[in-house]
Amino acid sequence: MKLEMNFWTLIGLGIALVGPSIIALYKKRSSLGFDSLIPKFLLWVLVILISLILFNGENENLQSIGFNKITLRTFYIGIIGGIGMMIIMAIVQMIFRKQKASGGEYGYKDITSLSFNRRVFSVITASIVEEFLFRGYAIERLALITSNIWIAALISTLFFTIAHAFSWSIRHLIPVFLTGLFLASIYIMERDIIACIIAHFFLDSVAFLLMPYLIEKKNKSASGI
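Here the sequence shown stands for residues 1 to 225, numbered as in this note's numbering.
Hint data in this document are derived by calculation from the structure and do not stem from the laboratory. The structure displayed is predicted, hence computed values, not measured ones. Certain hints may be false.
Unchecked claim - Under the rule of at most 20 angstroms between Cα atoms (straight-line distance), these lysine to aspartate or glutamate pairs were calculated in the EDC-like manner:
| id | residue 1 | residue 2 |
| --- | --- | --- |
| 1 | Lys-109 | Glu-216 |
| 2 | Lys-109 | Glu-60 |
| 3 | Lys-69 | Glu-216 |
| 4 | Lys-98 | Glu-216 |
| 5 | Lys-109 | Glu-190 |
| 6 | Lys-28 | Asp-110 |
Assemble the whole structure, with the sequences as input and the hints as a guide.
Written out as structure tokens, the structure is:
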């Protein structure tokens, strides 16, 4: 059955595209500490709301936003996608270093200062929630409005980038936008949101779980601890 636009689809798009930015703004302007779990739980509430709209308002299923049968291809596309994003991040950082740009540590230091368990929860939340909202739901529904899947991907990626603007430095928004487009491209070509989740999880796990561990281990070795 072909998906058709209705009132609930517009509500769903508003929640998917703007909801994360509202939560990020609330977090920034409130007295909540960076380690507060409230914003993370609110992001999961957005997923629940979109799911209710999907099942009841649109009478659709998860396949309509890219949740398909998991295969070996799902995993290797996800891993390759994660490596591809790491390459993008590395190239951008090399350019920044040559330009002697600064300020990219803001946001990253906040996350790496969290306990390991909090970082794991943050990585899982970002990987699942952001792909569910921005890649799966938003791209498919925006494509109904624009009749162009690539324009839909661009719009979704812009909102994805804006959602990061409240907790990351301006410099970091460039790789966020580029990796967002990369993930959108994976989704469009594969129509597999699980592959996107794996790619996102791979990148964030390396950046926020593996690298801090290796740096800490190196520092301990250097200090003789």
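20 angstroms limit on alpha-carbon distance, applied to hinted pair Lys-109 and Glu-190: violated (34 angstroms)
Given the hinted pair Lys-109 and Glu-60, is their alpha-carbon gap at most 20 angstroms? violated (41 angstroms)
Given the hinted pair Lys-69 and Glu-216, is their Cα-Cα distance within 20 angstroms? With a Cα-Cα distance of about 39 angstroms, the restraint between Lys-69 and Glu-216 is violated, given a limit of 20 angstroms.
With the threshold set at 20 angstroms, check whether the alpha-carbon distance from Lys-109 to Glu-216 stays at or below it. holds (13 angstroms)
If you draw a straight line from the CA of Lys-28 to the CA of Asp-110, is it 20 angstroms or shorter? Holds - the C-alpha atoms of Asp-110 and Lys-28 are around 13 angstroms apart, at most 20 angstroms.
Between the alpha carbons of Lys-98 and Glu-216, is the straight-line distance 20 angstroms or under? With Cα atoms ~26 angstroms apart, Lys-98 and Glu-216 exceed 20 angstroms; violated.
When the structure is compared with the earlier hints, violations turn up for hints 2, 3, 4, 5 and for no others.
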